[in-house]
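**Student:** Protein chains in written order, with the working numbering: chain A, 1340 to 1468; chain B, -19 to 141.
Simulated from the structure, these hints should not be mistaken for lab results. Each hint should be verified, as a subset may be incorrect.
With a cut-off of at most 25 Å between alpha-carbon atoms, the simulated DSS-like pairs for lysine-lysine come out as follows [claimed, not checked]:
| # | chain 1 | residue 1 | chain 2 | residue 2 |
| --- | --- | --- | --- | --- |
| 1 | A | Lys1346 | A | Lys1358 |
| 2 | A | Lys1358 | A | Lys1435 |
| 3 | B | Lys94 | A | Lys1358 |
| 4 | B | Lys94 | A | Lys1435 |
| 5 | A | Lys1369 | A | Lys1346 |
| 6 | A | Lys1369 | A | Lys1435 |
Chain A residues, not near chain B, derived (Cβ > 12 Å throughout) [unchecked claim]:
| # | residue |
| --- | --- |
| 7 | Ile1344 |
| 8 | Arg1381 |
| 9 | Gly1413 |
From a predicted model like this one, the values you see are computed outputs, not experimental measurements. Where a beta carbon is used, it is the ideal one built from N, C-alpha and C, also for glycine.
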Amino acid sequence: MSFTIQKVSAHAAVVRIGKALDFRNAAQFKSTCQNHIRAGVRHFVLDYSGTGILDSTGLGAVFSMYRQLTPLGGQVVFASVSRPVQVVVQLTRTYKVFRQFPSVESALQQINGSANASATPSSGSAGSA
Amino acid sequence: MTSASFPPSRSTLHRFTDLDSVIDEVHGLFSHWQEAGTFEPPMSSFMLEVVKLAVHEWVANLVQHAQFGGTAPEIALSMWPGADRLRCTIEDNSQGFDLQRQLTLQTLHLTGQKPPERGRGLLMVMACTNDLSYTTTSEGRQRLEFWIDGADDDLCMTVPF
């Protein structure tokens, strides 16, 4: 396992992927993320700085998270995408699904902005909780 | 085109025997090639990443599914870079499998109502390579051979996730 998860708020977490997300650690990645989803995390920033390997199994696990979170109003975004990961993203056209940010900080700003926007009266969801 | 078209001095050949470490060894090898500028003519970083992905997916498939029938595993990776194309072969001493059947099964599964999380590796290999063949050599080894075209900078896969 090379990834680590840091919860940065009640609903958001940063996953530092590390060297690889592939067939060797994809099951553990999925299981760990699911535990956080069960605990209420809805927004995941995947930090790919320094990641040398993202293979079909690893990408499959990321899509599994995406499918689980979308009906819950959550999201998965990519940050600091390394060259090897960028090639996979380009080849598989997954840039159409996962927004990319130059840094974890800019991704978190967007997530916080979305969370604040959805909590304003103009969004129509205020007071629903 | 046959391998006789490529002077042996321009090729690289590496053998791997430990399935537990082969993935790290393969990636270490690519990192070394990239840093050392091993290939002449130089390969674009895009071409190198595409061939690395194809090799990774194939070797990962071997690690997870290949039957070696009690013999010590051996995987041999060879590459012949050209001006705008690269030829790659991966030979192994496993019992092999029916590639076309597996590709058909993977495609069928993906077009089902609930696509599986896994089972796209071979389709990804097919999507990012050209002129791929999978044969058994006269010595009984399994041999994958493919080309990567350096001009395919806008290469896209249609493998659904």
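**Student:** Just to be careful, I want the Cα atoms of Lys1369(A) and Lys1435(A) compared with a cutoff of 25 Å; is the pair within it?
**Tutor:** The hint holds at about 22 Å.
**Student:** Against chain B, does Gly1413(A) hold up as non-interface, every C-beta pair farther apart than 12 Å?
**Tutor:** Gly1413(A) clear of chain B: closest Cβ-Cβ about 18 Å, beyond 12 Å.
**Student:** Evaluate the condition: distance from the CB of Arg1381(A) to the nearest CB of chain B exceeds 12 Å.
**Tutor:** 20 Å, holds
**Student:** Sort out whether Lys1346(A) lies within 25 Å of Lys1369(A), counting only the CA atoms.
**Tutor:** Measuring from Cα to Cα gives roughly 16 Å; hence the hint holds.
**Student:** Starting from Lys94(B), check that the Cα of Lys1435(A) is at most 25 Å away, please.
**Tutor:** OK: Lys94(B) and Lys1435(A) at ~21 Å, within 25 Å.
**Student:** Starting from Lys1358(A), check that the Cα of Lys1435(A) is at most 25 Å away, please.
**Tutor:** 24 Å, holds
**Student:** Starting from Lys94(B), check that the Cα of Lys1358(A) is at most 25 Å away, please.
**Tutor:** Not OK: Lys94(B) and Lys1358(A) at ~30 Å, beyond 25 Å, violated.
**Student:** Is it the case that Ile1344(A) keeps its Cβ farther than 12 Å from each residue Cβ in chain B?
**Tutor:** 19 Å, holds
**Student:** With a cut-off of 25 Å on the C-alpha distance, tell me whether Lys1346(A) and Lys1358(A) pass.
**Tutor:** 20 Å, holds
Hint compliance for this structure: hint 3 alone is broken.
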